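Colleague: Protein sequence lines, in the order shown, are assigned to chains G and F. Numbering follows this note's numbering, with no gaps: position 57 of the first sequence is 57. Numbering follows this note's numbering, with no gaps: position 261 of the second sequence is 261.
Hint data in this document are derived by calculation from the structure and do not stem from the laboratory. The reader is advised that the hints may include incorrect statements.
DSS-like, lysine-lysine: derived pairs with alpha carbons at most 27 angstroms apart [said to hold, decoys possible]: (1) 139/G to 154/G; (2) 21/F to 204/F; (3) 204/F to 133/G; (4) 114/G to 15/F; (5) 154/G to 114/G; (6) 15/F to 204/F; (7) 139/G to 204/F; (8) 139/G to 114/G; (9) 133/G to 154/G; (10) 21/F to 133/G; (11) 117/F to 154/G; (12) 139/G to 21/F; (13) 214/G to 15/F; (14) 110/G to 154/G; (15) 117/F to 204/F; (16) 133/G to 110/G; (17) 21/F to 117/F; (18) 15/F to 133/G; (19) 15/F to 117/F; (20) 15/F to 139/G; (21) 117/F to 139/G; (22) 114/G to 133/G; (23) 110/G to 204/F.
Bear in mind that the values here come from a model prediction, so they are computed numbers and not experimental data.
Now for the letters of each chain:
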Amino acid sequence: MTDPVIVASGLGRRFGETVAVDQLELTVQAGEVFGFLGHNGAGKTTTIRMLNGILTPTNGSSRVLGLDPMADGPHLRTRTGVLTETPSLDERLTGRDNLAIYADLYRVPKDAVKARVDELLTGFDLYERADDKVGGYSKGMKQRLALARTLLHKPEMLFLDEPTAGLDPVAARQVHDMIVQSTRQQGHTVFLCTHNLVEAQRLCDRVGVMEHGKLVALGAPRDLARQLVTNLTVDFEVDAEAVPAALQELEGKGITTSVAQQTGTISVRGATHSAIPDFVNLLVGAGIRIYGVTPQEPTLEDVYFALHGEQPVQRNSAEVIQ
Amino acid sequence: MNWRAIQALMRKDLKVVLQNKGVVIPIVLLPLILFIVIPGLVLFIPSATSSANNNDLAQLMAMVTPGLRDQLVGLTPDQAGAVFFLVYMMAPLFLIVPLMVSNVIAADSFVGERERKTLEALLYTPTTDGELLVGKMLSALVPAIIVSWAGYVLYSVVADLASAQLMERALFPNPLWNVIALWVAPAAAGLGLTSMMLVSVRAKTFQDAYQTGSLVVLPIVLLLIGQIAGVLYFNIWLALGLGLVLWIIDAVLLFYGRQTFHRSELIARL
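Turn these sequences into a full structure, and let the hints steer you where they fit.
Modeller: Encoded structure:
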């Protein structure tokens, strides 16, 4: 990761009185998988449109791959590929026609069109149905075809708006693999809009969280988690017989706990990193032997909900709330 | 201009359009009725033209403009009826074909694309706004002109066959219809297209656009009524003038339509 491929400075867009994107300051490095998170209507799609020069900003500016999207839009779009939120396919045409026509629009060399189309149809497991009309495809097939269209001209940078929406786990995995391959092996940059926080956590080097058109958090998922989620859950492994005594000690100090009864693991909620030694001292002081201490790393989901003032669903299904 | 991209746009639009029954039916049915069925009636129902007598001719002569009357002088009542119907009455009706064909294809291309949610992917391609506009315009214009010219050839054959026994010479091709086909019909196709560009700004669906856009045939109907009422008749000068007026209207509508045809405007309307 070296040069910035996206630089947005005070980028904004209004629709009448509604502010869709407000003073966006953003830099994305080459080769990065950048996750762009936020509720519906947070301004993610509007940002993609501005960064590709198809929507004029009302204020601010941006440069993508060193180009001004508004002044050099057509040139820029030969180097970017955009997967739109809806597949945006011509359902009255066949899958092959959809790709062949867009290959011409994306200026794929004439003599390479057929081979490239066949390569993508095969790669996305659509070759058998290539000559069927897209209207008869399943949702997952349409999404795969739309992805294939995005890659036709071998873009240096991909903007993917909800790429795995509606895909089954196997197809979603294929998309994830494609993203990883695209970035790690080919050095491409991926700008990924998603609601899927697990996907973002797994794939993204950095994420930005949008809320009402504003970028409210930006950083690596782990850094954001440490910065924004201060209340940890810490698991203590103790002897099963020692659990009641340990609970008594902890509850005596007003600490919220839960316990997985089969394993003798006590989970302490709402802890901070700095308090972990105190808990250890407390339990050891009460004669309880500790076999392991595991702070649960907060996830992107925790970050997202912390930013939105909500509680994530508890992850430990085995625990019993005391 | 990237002509490969323009051709791809045309290919896409025409492939999609030809699978919309709402578009194909008027494209096929209208020329079929106007260019084959109506002149064919003259052929297959001889009584339609052969039963005329001097009284009928006198009535016809009284009804039409002096200019048209001069064109019919020296003909038998049957011949006058055939010439009046096949050459002069059908001339304004012929213009409905390029107008409607371009209008309905443009409705599907401009509004249908938005309705089917396929516009956004198109806007993300490297095509310029100008290429997109030219591609979409040609998608509507080229088929309209081809259908019109093919229709003229077909109509000439059917009308000449239908009137062969009656007339001493072939009625078609003739200079008036040549001007109409080569000068006025493309301008009429342009009117169908440019009016639809304006309609497409507000129309939400293909059906909305098609219904509103169909109003553009009203001036043609007025021409027809004007000729029947003896107010005007379709001579070469009228055809040349009408063509010029239509081309000017096309240019004005294109100028205004072009103002709204920017990516940023189109995407904001999605």
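Colleague: All hints are to be evaluated individually against the structure, with a verdict given for each.
Modeller: Results for each hint:
no.: 1; hint: 139/G to 154/G; result: holds (24 angstroms)
no.: 2; hint: 21/F to 204/F; result: holds (19 angstroms)
no.: 3; hint: 204/F to 133/G; result: holds (25 angstroms)
no.: 4; hint: 114/G to 15/F; result: holds (19 angstroms)
no.: 5; hint: 154/G to 114/G; result: holds (15 angstroms)
no.: 6; hint: 15/F to 204/F; result: holds (22 angstroms)
no.: 7; hint: 139/G to 204/F; result: holds (25 angstroms)
no.: 8; hint: 139/G to 114/G; result: holds (25 angstroms)
no.: 9; hint: 133/G to 154/G; result: holds (25 angstroms)
no.: 10; hint: 21/F to 133/G; result: holds (16 angstroms)
no.: 11; hint: 117/F to 154/G; result: holds (24 angstroms)
no.: 12; hint: 139/G to 21/F; result: holds (25 angstroms)
no.: 13; hint: 214/G to 15/F; result: violated (43 angstroms)
no.: 14; hint: 110/G to 154/G; result: holds (15 angstroms)
no.: 15; hint: 117/F to 204/F; result: holds (12 angstroms)
no.: 16; hint: 133/G to 110/G; result: holds (23 angstroms)
no.: 17; hint: 21/F to 117/F; result: holds (19 angstroms)
no.: 18; hint: 15/F to 133/G; result: holds (12 angstroms)
no.: 19; hint: 15/F to 117/F; result: holds (17 angstroms)
no.: 20; hint: 15/F to 139/G; result: holds (23 angstroms)
no.: 21; hint: 117/F to 139/G; result: holds (15 angstroms)
no.: 22; hint: 114/G to 133/G; result: holds (18 angstroms)
no.: 23; hint: 110/G to 204/F; result: violated (36 angstroms)
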